[in-house]
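Protein sequences appear in the order of chains F and H.
1134 is the number of the first residue of the first sequence in my numbering; add one for each residue after it.
1134 is the number of the first residue of the second sequence in my numbering; add one for each residue after it.
No wet-lab data here; the hints were simulated from the structure.
Do not rely on the hints blindly, as some may be mistaken.
Selected chain F positions facing chain H (Cβ under 8 Å, derived; list incomplete) [unchecked claim]:
hint : residue
1    : Ser1204
2    : Phe1255
3    : Thr1333
Anything over 12 Å on all C-beta distances counts as not near chain H; from chain F, calculated [stated by the list, open to error]:
hint : residue
4    : Ala1228
5    : Ala1230
6    : Ala1232
7    : Arg1234
8    : Arg1242
9    : Gln1264
10   : Val1286
11   : Arg1298
12   : Arg1319
13   : Gly1351
14   : Gly1358
15   : Ala1398
16   : Phe1406
17   : Phe1424
18   : Gly1494
19   : Glu1505
Here are the simulated BS3-like pairs of lysine-lysine, each with C-alpha atoms no more than 27 Å apart in a straight line [said to hold, decoys possible]:
hint : chain 1 : residue 1 : chain 2 : residue 2
20   : H       : Lys1208   : F       : Lys1208
21   : F       : Lys1222   : H       : Lys1458
22   : F       : Lys1479   : H       : Lys1458
23   : H       : Lys1430   : F       : Lys1222
24   : H       : Lys1458   : H       : Lys1384
25   : H       : Lys1479   : H       : Lys1394
26   : H       : Lys1208   : F       : Lys1314
27   : H       : Lys1222   : F       : Lys1421
It should be emphasised that the depicted structure is a prediction, and the values quoted were computed from it without experimental measurement.
We put the beta carbon where it would ideally sit given N, CA and C, even for glycine.
Number of protein chains: 2
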Amino acid sequence: MAGQRIMNVPRFREHMERAGLNAVVLASPENVFYTSGAMITTQRSLRDRLAFSVLTAGLDAVFVVCNIEESLSRKASWIPDVRSYVERKEHPVDALASALREKGWERGRLGYEARFLPAGQFEGLRQALPQATWVPADDMIISVRAVKTPEEVERFRNAARTTERAIQDAFVRARPGDTEKSVNDRIMINMLEGGADSLTHSVFGTGENALHAHAVPGSHPLTPGTVGRVDSGAEFGGYTSDLARSVGVGKVPDYMLDAYKRLRAIERSTIEFLRPGRTGAEVFTFCKEAFARQGLKFAMPHIGHGLAVLGGEMHEEPNLHPYCKVPLEAGMVIDVEPFYWDWDRKFALHIEDTALVTDKGAVILSDATNTEELFLIT
Amino acid sequence: MAGQRIMNVPRFREHMERAGLNAVVLASPENVFYTSGAMITTQRSLRDRLAFSVLTAGLDAVFVVCNIEESLSRKASWIPDVRSYVERKEHPVDALASALREKGWERGRLGYEARFLPAGQFEGLRQALPQATWVPADDMIISVRAVKTPEEVERFRNAARTTERAIQDAFVRARPGDTEKSVNDRIMINMLEGGADSLTHSVFGTGENALHAHAVPGSHPLTPGTVGRVDSGAEFGGYTSDLARSVGVGKVPDYMLDAYKRLRAIERSTIEFLRPGRTGAEVFTFCKEAFARQGLKFAMPHIGHGLAVLGGEMHEEPNLHPYCKVPLEAGMVIDVEPFYWDWDRKFALHIEDTALVTDKGAVILSDATNTEELFLIT
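Between the sequences and the hints, there should be enough to build the whole structure, so can you do that?
In structure tokens form, the structure reads like this:
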């Protein structure tokens, strides 16, 4: 085996058999990475440079990539059968169809990503392989990915802790009057210096700017008496972090400090509530009721999510929202992120941590810094 | 008008009329940003959080976004008619279909992005609006975007110059023995400190690691006598940079220095060849012949590309490859990037600059640093 195999093989086999698929055709960056082990960075910057990882339940597999990415793919992937197409001369969908025919899978029940594969490419594939039966397999592969292997858990833990420290260091260095952008830049720099290969997101807003769900940090200076919040993440060898922290500037009104303590209590009790068998909707309802118990107004459409590989599709099932019927399982890695908006007094607070679901309760993976009190920039 | 309007309005109108479209439905991050002016960062990290910018030739427009992104969208976009859906409760495609019906466009000829819109979403849209005629509009909107407004040119120039300086500074600071990753991190940090909002890519490889088209920079130390190459880019207010530079470590063999000089001569003569009316294929052929004139082996599938907004789809038509029939026009911003692999002697060189096509010839926008000689890390 040349490259790495990170996927949860027994779970993949079980799900493939349950879905009755002869093979599954995966095209999204996260699923190609997860199933092939190869990270093809241009998949994410050149939409037409398609890559396909095709696997049976028994891991008979073929990997179709642009010839420009062939040497890297052979080195990084555990799949020995790598085939390449010449960009713009051959159509990637034709190369995929040839591979499927050679494998004898062209009359089978084939899974595909209905929520990713572009309509035009799918049409081409259907025409090239008229005898195949195409079955949306988005939810199946997401469910496979949701239960992490022990090695994956360690990667998520490392990503989370590094990101926490990156945020904490930026807060410690910051002074009133610094711009939001300078603090946000420092967080991103810290994540890179801590080993991140790329950044997925980092948004820092203070005062009224923090009220937008995903504010763009600008030249706004940190102003005493205000609070702010950051939501940052990066990729570490394909494994992502996604954490939020709140911060105050100078002397902060007591009602803001009080709201922070209440929000953190809500977060911790919700994390404790994560148990195998409980659904995303049940966790959502628990959190919503915890807001009520703490006397804070609740206005969130979701309060957390599973954590995925790569940054292209970061929220993964189970999502903690009112419509999620997916039950938690041991081995899932879940972010809990209660958010509090006070539109009247114009401030917002956010805290997000990463937890591993186990049979004995949740274990917080983002445990490198102490978030009991609101950190104050002075 | 609340937010910014960056698009090339006369060209959009002309292309919409030529295509005979009643409206065009845009869903990809780059086209939503280009036509609405709003950058919705979660469009790129949450695939199912769809946003749609729908416009007629006369700029009657509607903007459909997730309610979480509504306040930001209203602030950032020039489109006054913003409609929102509640994630997971309502399907974004249903919200789009309602908006199209209310506008009376549901029986029209509607453009869509066949190479972006996922097959499942397109199927939902077709079922919701059975009387519409759907026409792939990917190439049309790419052609609109290809001719930049003067303001866009300034944004690309600023992005290019900042990126050049970021690379140059990292090379100046580097010492033999430093790791590839540390140099690459410095480049990324410099781009952020120079004003980048996010990074699109940065790959730095030396010695044999440089032979992969998109190497992952690792703990490999810079070794005297080798050459390396970096390809970096970032987003500055949605406008991207994409530049490559080569570098030597310590005392470098003369044949490497000589190959660099030849490669740069090839690059400059190809940039000079960029003139309105010449096709991407003609520029490719010129460059290929320039390799032959310089006595360097040529193995590139493409030698450059138009530069797009955002980093999700960075190569834009006209692409400089053998099959590109798109003629250059004044106002296009083109990257020229000859790459030289020497598989026998195991080294690679790359140089990429950004140029504006004008009626009087090409103007190099990435002109902040001098690339005449190979920079040497000592």
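### Task
Taking the numbered hints from earlier one at a time, note which ones the structure violates and give those numbers from smallest to largest.
Checked against the structure, the hints that fail are numbers 12, 13, 20, 22 and 24, while the rest are satisfied.
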